[in-house]
Structure formats: C-alpha cells, structure tokens
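Respectively, the protein sequence lines represent chains C and G.
Number 218 in UniProt numbering belongs to position 218 of the first sequence; there are no gaps in the numbering.
Number 11 in UniProt numbering belongs to position 11 of the second sequence; there are no gaps in the numbering.
One should not assume that every hint holds.
[To be verified] A few chain G positions that, by computed beta-carbon distances, are all more than 10 Å from chain C: (1) Arg81; (2) Ala205; (3) Asp214; (4) Lys241; (5) Phe264; (6) Leu293.
[Claimed, not checked] Estimated spans, in silico, between C-beta atoms of each pair: (7) C/Glu9 to G/Trp192: 22 to 30 Å; (8) G/Ala33 to C/Leu24: 45 to 53 Å; (9) G/Leu174 to C/Ile14: 58 to 66 Å; (10) C/Glu182 to G/Ala202: 57 to 65 Å; (11) G/Ile26 to C/Ile14: 44 to 52 Å; (12) C/Ile14 to G/Pro50: 33 to 41 Å; (13) G/Gly253 to C/Arg47: 45 to 53 Å; (14) C/Phe135 to G/Trp250: 47 to 55 Å; (15) C/Arg230 to G/Ala33: 34 to 42 Å; (16) C/Asp150 to G/Pro24: 28 to 36 Å.
Hints were generated in silico from the structure; no laboratory data involved.
Beta carbons: idealized from backbone N, C-alpha and C, even for Gly.
Okay, here's what each chain looks like letter by letter:
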Amino acid sequence: MSRKQREEERVRGIFSRRALALGLGQMGLLGFLAHRLHRLQVEEGERYATLAEENRLSARLLAPPRGRVLDRNGHVIAGNQLNWRALLTAEQTTDVGATLETFSRIVPMTDQERARVERDVRRRRRFVPVTVRDFLTWEEMARIELNAPDLPGISVDVGTTRIYPEAEHLAHIVGYVAPPAERDMDGDPLLELPGIRVGRSGIERHHDLVLRGRAGAVQMEVNAVGRIIRELDRREGVQGQDVQLSVDAALTKTLRGKIEEGTSVVLMDARNGEVLAMATQPSFDPNLFNSGVSAAQWREWTRNRATPLINKATNGLYAPGSTFKMVVALAALEARVTTPGERVYCPGHMDLGESRFHCWNRSGHGAMDMRTALKLSCDVYFYEMAKRLGIDKIAAMGRRFGLGVPLDIELPGIRAGLMPTREWRQQQGRPWALGDTVVHGIGQGFYQLTPLQLATMTARLATGRAVQPHLTRSIGGRHVRGVRAEDWPSLGIPERDLRLVREAMWSVVNEQGGTARAARLPPELGAMAGKTGTTQVRRVTREQRERGFRVEQVPREWRPHALFVAFAPYDNPIFAVSVIVEHGSSGSAAAAPLAREVLVEAFQQLRPGPGGNFGPRVAEARPPGGTRP
Amino acid sequence: MRFERRLLLRERGTGVLEKLWQIPWIFVLLLCAVGGVGYVALYSAGGGGPDPYAAKHAIRFGFGLVLMLSIALVDIRLIARFAWLGYALGIGLLVMVALHGQVGGGAQRWLDLGGFQLQPSELMKILLVVALASWFHKASWEQIGNPLFLIPPILAVLLPAGLILKQPNLGTALITMMVGGAVFFAAGVRLWKFAIVLGAVAIAAPIAYDHLHDYQRARITTFLDPESDPLGAGYNIIQSKIALGSGGFWGKGFLQGTQGHLNFLPEKQTDFIFTMLAEEFGLVGALSVLGLLACVIAFGFLVALRSRHQFGRLLAVGLATNFFMYVFVNIAMVTGAIPVGGVPLPLISHGGSAMLTAMVGFGLLMSAHVHRDSELGAARDQR
C-alpha cells in the first residue's frame, strides 16, 4: 500500500510539473497574441486606419449640365435632354465579357459596339462607369432592371444628351458635340465621365470650356459590395454657362427657306459686327452626331458635291466681282490717282498691248465719273483705276475692309481667303503682269473671299469703322463685346470719300439706270444702298462672244456666280448684308432681289426702333440672358 | 473496454445544497462576463440591435448555464464510469455525420437533430478528454512507460481524428490530436516519445500536404502570402487585419466600426467576432477580452492542481487545453498568425453548437472542482 502511495505521489508530482509547464506555455502563447494585437493595432494602426478609410470611401465626379446656346431672343439653339443609358462599372463585375454577353442577350448589341465598350473599359480606370448603350427605350430599360441580378456591374442611369431644336438651320454656327477622343483628354477629370461630350465645331467648340463647366465631386461611404451607404461630402461643380448668340434663330430659319442650294446669306448688324443671320444651303442635322453618325450618312455628307458639312458663308471662297469696286474707288481716292469728278471715257473696252479687256456693256458707257462708274458698274473705269494704282495698293485697301484676312469670329477653322499681291504671285514663281492688275480692278482674278468677309466689308463701308463680325452676345448673362459702333476703331478713311461711295451705292438701287433698281426697298423701310456683282467661273471665249453669248444656253455649273452686297437704311445704317448665289448668272437678277427679301425680313422680324434698337419679338417675348435658376 | 468499472465509494456530503455551495460562483460570474462580451459584440454585428444574433445568444447562454450547472452536480465517479460509453456515443455521432450529415462549406460536419444543428466533432473532443482521463487514472509510472499500455489511448485519439479529417476538417482534426496530446503529456508519458512523434510529423507533413484538399492547400498558401489573392482566399485575412489595425488603441467606439458595419469584414458574427470587438474597442478592449479568456483557462489549471484524484486532474487539464485551443486558434487566425479555419470563439461567437459544447465542457470542469476530494478507485487495481 505504501508502495502504491509512493507511486501515486510520483505520478502526481510529474503531473503538477507538466500541468504547470502546459499552463505557462498556454499563457505564453496568449501573450504572443497580445503582442501581435499590439503590433497590429498600435504600431501599424495608422497604416491600417488608412486602408480602412480607403475601403469605405469612394469619390465620384458629378457632371454639371452643359451650358445652353441661345439665340439673341433667348430661344434655345443647343439644349439638354434627359436620356436613359446603361453603364458598366468594371470593378463591380468579375467578368466584363460575361456581363456584356448577358447584356447583349437582353438588349442586342453589334460586335462594334461591344468592341467599343471593351476598349473604353480598358482605357478608363476600373471604377469609372462606361456607357454601354445610350438612348435606351423605356422597354429596354425595364428589361435591364428586371435582369439586374444577372448583370453585375450594369446600372441604368439618367443622363443628359445634347439636343439642337433648330436642327440643320443653325448647324454651321452652333456646331455639334461628340464623345471626347484621346487627344481631347486635357487632364480635366470631367472628360472621363460617361456620356460627356465635347464641342467639335462651331460655337460648341469655341466656347467648349465655358459650356462644359467644372466637375463637382461627391465623397461617399460605400460598403463591401460598393453600395452607397451615405454621402459624406459634396463639392458642387461649376455649371456650364449659357452662351447667348447674336443670331436670330427664327430669322435664319425664314431666310434658309428662301434660298437654294449653293446660296449663302450673311446679315450683320453694321454698327457693331453682330451676326444676325447666316444662312447657307445645304446643311446637316447636328443631332445625328449625338448617337454616332452612321457610315452611310457620313459618306453621303462627305461625297455630296454641295458639301453640306462646310459653312459656305465662312469657308466658301469666291471672287468678289463688281462688289469689290468700292474698295478700288476708295484706294484710288486715297492714293490721289483720280478725283471724284474726273471722267474716264468708256468705249466698251480697253486695249492693253495686244490684249483687249471688255466692259460688260459692249457698246460702252461713254464718259464716266466715279459715282456713275459705280452706279453703272463700268468695267473700263476700274480697269483704268487699277492700272493707275497697282495691285498692292488695291490689296492693302481690301485688307482694311477685312478681305483676305482672318476674321475674329467665334467659329473655329474659318478661311482667311486670299487677297492677291505682287509678292504672293512671285512666291508662286510667276511674274505679276499688268493685265492681271487690270482684271483685279473689277474684282475678278485670284481673289478668294468669303461671304462673311463681303458682309464685313459692307458694314465697314457703312460705318467707316473696323467692325469685327462676331456671334457671342453674352456668356452667363454678361455681355462680352461692345454693342456700339464707337467701340470699334475708325478705318482712317476720310468721311468725304466714304460718303461718295455710299451715295454711289445708293444710286445703284434707287436711281434710274442703277444695276439693282428693281431691288429697292418698300419706301416705308427706307432706302438701301448696294452693289451688284457677277463673277465668271469660266472664261467666255471669243467665238461665244461673237455668236452672241447667252447664259441660258450654257450648263448651270458654267454660269457665273451672282453677288450682291448692301446696307440699309441708307441714312442711318443698321443692317449689312452679303448674298452669293452660286451660278445665279447675274447679280442684279438673282442676288439683289434676294438681298431685298433678306432686308425686308430683317426689318419685319427684328423691328429696329427709332434709336436703332431691335424690338422684342412678339412670339418669344422673354428676356435675353440666363433664364435658368 | 469494460464498462462496469468498480468504483470505490466513500460518500462524503452528497447533498445537493452542499454541492451548490461548492460550485465556484466566481467562475460562473467570469463566464457570464465572457457571455456578456459576446452579447455586446453580437449586438454590434447585428447592425446595432438584439436581432438577429444577440438576443438568441443570450437565450442560448442562459440555457447553457443551466446545462453547465446541472452537469456540475453530477458525481464525478459517474462521469468516470461512463467515460467510454460517452466516447463510443461520440464516435457513433461522427459516423452518422459521415453517413448523412449536412454539407456545409464543402464538408460534412453538421448533424441535424430536429432543428438543432450539432457539430459532433466539437463534442467529440470533450468526450475524448474524459475517456483519456479515465484511462490514465490510477495508471502507475511503469504502466505509463509501457508502450503497449499506450496503444489503446493512441488509437482512441486517432479514430475520431481520422473521422474528422475525413469530413474534411483539417483544423479540428489537428486540434483534437493536440488536446489528446496534452492529456498524454500531463499523464506523464515520457518526453522522448513526444519527440519521436513530432519528428515523424515533420517528415510526414510534406507527404500529407499532397493529400490535402484544394481549399485546405489554398488556406495554407494564402496564410503564407495573403496579398497574393486579395479578392479571393486572402480577402478575409486582409480585411480582418485592416479592421483590427484601424481600431487602434482606443477603438472606433461601439457600433462605429466601419469594416464590420460596411460588411468588409466577412463572417463577423462567427469566426471574426473578435475582430469586430477589436475594431470597435481597440487594443484596450481586445486585451481585456483576452484577459478574461486567459482567466477561464487559468481556472481550468487551478482545478487540475487542486484535484485529489488523477481523473479530475487530467480532465481539467484536457478541458482547459481544449478551451485554450479555441481561443488561440481563433485569435491567431483573425490576426493572420495562422491559416484561416472555421474555429469560433466560444461563448462570444454566434452559434448554438459551439456554445453547447463549451458549456458541457465547463460543466465537467466544475464537476471536477466540486468533487475534487472524492475518492476514485479504478478497476485496473486488480491487474
């Protein structure tokens, strides 16, 4: 028994030691855990705190609505419309391809569309949603929402899309927008947002930054699956500002209804250069760019010989013809190569060496002073003046009237045209011949001028000031340029000379024998002063001349262009207008009557009051400027 | 084995009141504190309300408390007597699980007992401890040194461990063997024998790795480099560490844990409940809870040292070690110290089965305490 007790004591002793070792070992391991907790929570706590913040916070950009473009009466030319679209956020799905596959079973997608979406997903950061499909119908939207559980990463979002209520009527002025391309990415985070558009042409492009505004940001708390729990902080962006233009949408629309293909009309406020209407045919519908122009549509536009995408009023290049004679006359007076009263005899032609230069009137005008020469558009008189001046003096005067120089109008990519000089010709490797000078005296030859430049010339003739054509009246309700003629510098041409030319232009329309007498305004609107022009697009051969040339006999595309420039009212000019009818044959027959119609519409619709201010429109009597809250 | 083991009876104050007086009420209070911590944690895990976890937890804890106290009053001799019967029952449950258990998480672990989900592997660990304690009770120093004497208890460990591994549940199988090993160690098995076993494991481990399931291998791989798959298997560990670390010294405050409340933390009501606590109450809270749990373990060893019979001693050491294994594995797991395995934190995690087995264990521990002075004979005396 004692042996057994000893046994027990021995086993117990061993147990006690070992239990103690076990217990202490366990406490030691718990101590290790305590140490580990200390390391995680205190030593590395800050790092993990940052990670936890990154986990729960998610910042998103808020796209401000794009500013609208309004006409001078506050009528919307470019606005925003609600648009349902499907977005894909790459980080919310494990397999973009599978999601798109399921999506295309619900809303059919073409291979190109899928390729585009996949490209966008690669290009953007994973948490930036990418537009899968724009302009969803209500039914498509419902189908997507119904299948939401099978479409991880897909969300339906209401965004805005650009809309142009006037469609093709103001397309060349307002331009259009398109999704930003790689080269547009200027670091503005706004451009990464889905559905964002940048201006591609016209006002949309010129004022893109103003219209775009600046992105706001919202910081949100999100849970593990990215669902938004609450908004923590919101920084409002800067709304895109409204841009109000000087053009009158309704007037433009009316004018476009009156013109044919190949015709351009520019109507300016002569006093301050505001473009009131710019109408060309044909045009295009800028709304089509929103959803992506189809290849067929694009082909049709680019292959059309009438070039609907090109604004002929700013980019169509023409010789000015007789509408240029005022510039030659002013150059002659300034250079003192003639006096207003000097008479030049017109026998119907002018001989220079072996060449004979014909007057449009084969039988001759007889003795012509400057005023009569302008009124009857005698070519021989201006051949003589050009011969005395030389081309460079003519060109210098032309440039003072805005001809052949880039105009400061808010339309990107407009043409500067060409005002030929001796030096320019030499750069081409050809000598300047005296015969060239003579021809340029009547506005024929190498000139490449735009209808906008001719309208500008007319406005400058009417005011004697270097008015610049422009389109922007106000941005965000603030006027941007002077609206009075006094804000523009003087041309530096003596008033006496200008008066002579204006008077001659008055006689063109209002005197017996004037080339545009048929186009005079109704008496209650006052008098208009103008000048016709007819420019050959094809040389009239000697045989044709001898057989008795008649324009009606040649194909339309060989017929001369018809031009007319005018300002009105004569004694207190408000409007300046230029009209070019391609292949219209005759300035007095085709262009002048159209200019008259333009001015009549302008008087009726813009209703200039006694002080020259335009009256409010009856139909849309809303204050100009920002009407948004 | 023989079930009609003779017990030497020497009754000494078996009145129920007497026994109630003997119950360590301080310890009961300690457990209530741990349970209360669980309630607080689950209140937060439930999104700041008693539903769906905290209220259930309280009810289960109350039920468990009654069960524990009932077991505490059961005579230790009775427990020793039916040790192997209980063991056989546990093996039976494990076999049942293998035959028609509920599949959960890719493994058959659960037994559906009429609406109550039982995980027999948890219960088995306790039953194994009881059985081993009874085997080594009254074993002489020579007997313990005899390898033949050790073969039956080794088989008794390997049988359930094998069945659990088959489920498959590597973690619990390993824990079962370690708990068994602790009883062997305390019983006085020679140290060099442990050295041989450890050496054998070191050699066998790489071979065993080849036979592991993919998810088990993934766990080990992610443990070695959690950032290798931040959204996959490593996600849990990374998010848990972020939650712990961002809690800092003082914590984010009750119900203010962003990781937990925004669901970045996976399984926050079960395996990662400690993370939830540590995020909201910081290092201070985490160490307090760890301290409470250490006290529970220490109490187990105290009971062991004060018991006058080997059965009670071994039982207490085994049960304390079993509880320690839960605590250590769970917290080591959420702090990223060892591979993730579905081990809950007893009395704090949500889950009925874990709570039940923990309370059964504490009941047995208390019975050992209440009957620490009982005289236990052994049938093996005749040998």
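Now the hints, each set against the structure:
1. Arg81: Arginine 81 of chain G is indeed farther than 10 Å from all Cβ atoms of chain C, at 20 Å.
2. Ala205: About 20 Å separates alanine 205 of chain G from the closest Cβ of chain C, which puts it past 10 Å; holds.
3. Asp214: holds (19 Å)
4. Lys241: Violated, because the least Cβ-Cβ distance between lysine 241 of chain G and chain C comes to about 6 Å, which does not exceed 10 Å.
5. Phe264: violated (5 Å)
6. Leu293: violated (8 Å)
7. C/Glu9 to G/Trp192: 22 to 30 Å: Holds: the Cβ-Cβ distance is about 23 Å, inside 22 to 30 Å.
8. G/Ala33 to C/Leu24: 45 to 53 Å: Roughly 24 Å apart at Cβ, these two residues miss the hinted range, so it is violated.
9. G/Leu174 to C/Ile14: 58 to 66 Å: violated (26 Å)
10. C/Glu182 to G/Ala202: 57 to 65 Å: holds (59 Å)
11. G/Ile26 to C/Ile14: 44 to 52 Å: violated (29 Å)
12. C/Ile14 to G/Pro50: 33 to 41 Å: About 50 Å separates the Cβ atoms of isoleucine 14 of chain C and proline 50 of chain G, which means 33 to 41 Å is violated.
13. G/Gly253 to C/Arg47: 45 to 53 Å: Since the Cβ atoms of glycine 253 of chain G and arginine 47 of chain C sit about 20 Å apart, the hinted range of 45 to 53 Å is violated.
14. C/Phe135 to G/Trp250: 47 to 55 Å: Hint holds: Cβ distance 54 Å, inside 47 to 55 Å.
15. C/Arg230 to G/Ala33: 34 to 42 Å: holds (35 Å)
16. C/Asp150 to G/Pro24: 28 to 36 Å: violated (58 Å)
Of the numbered hints given earlier, the model fails hints 4, 5, 6, 8, 9, 11, 12, 13, 16; all others are met.
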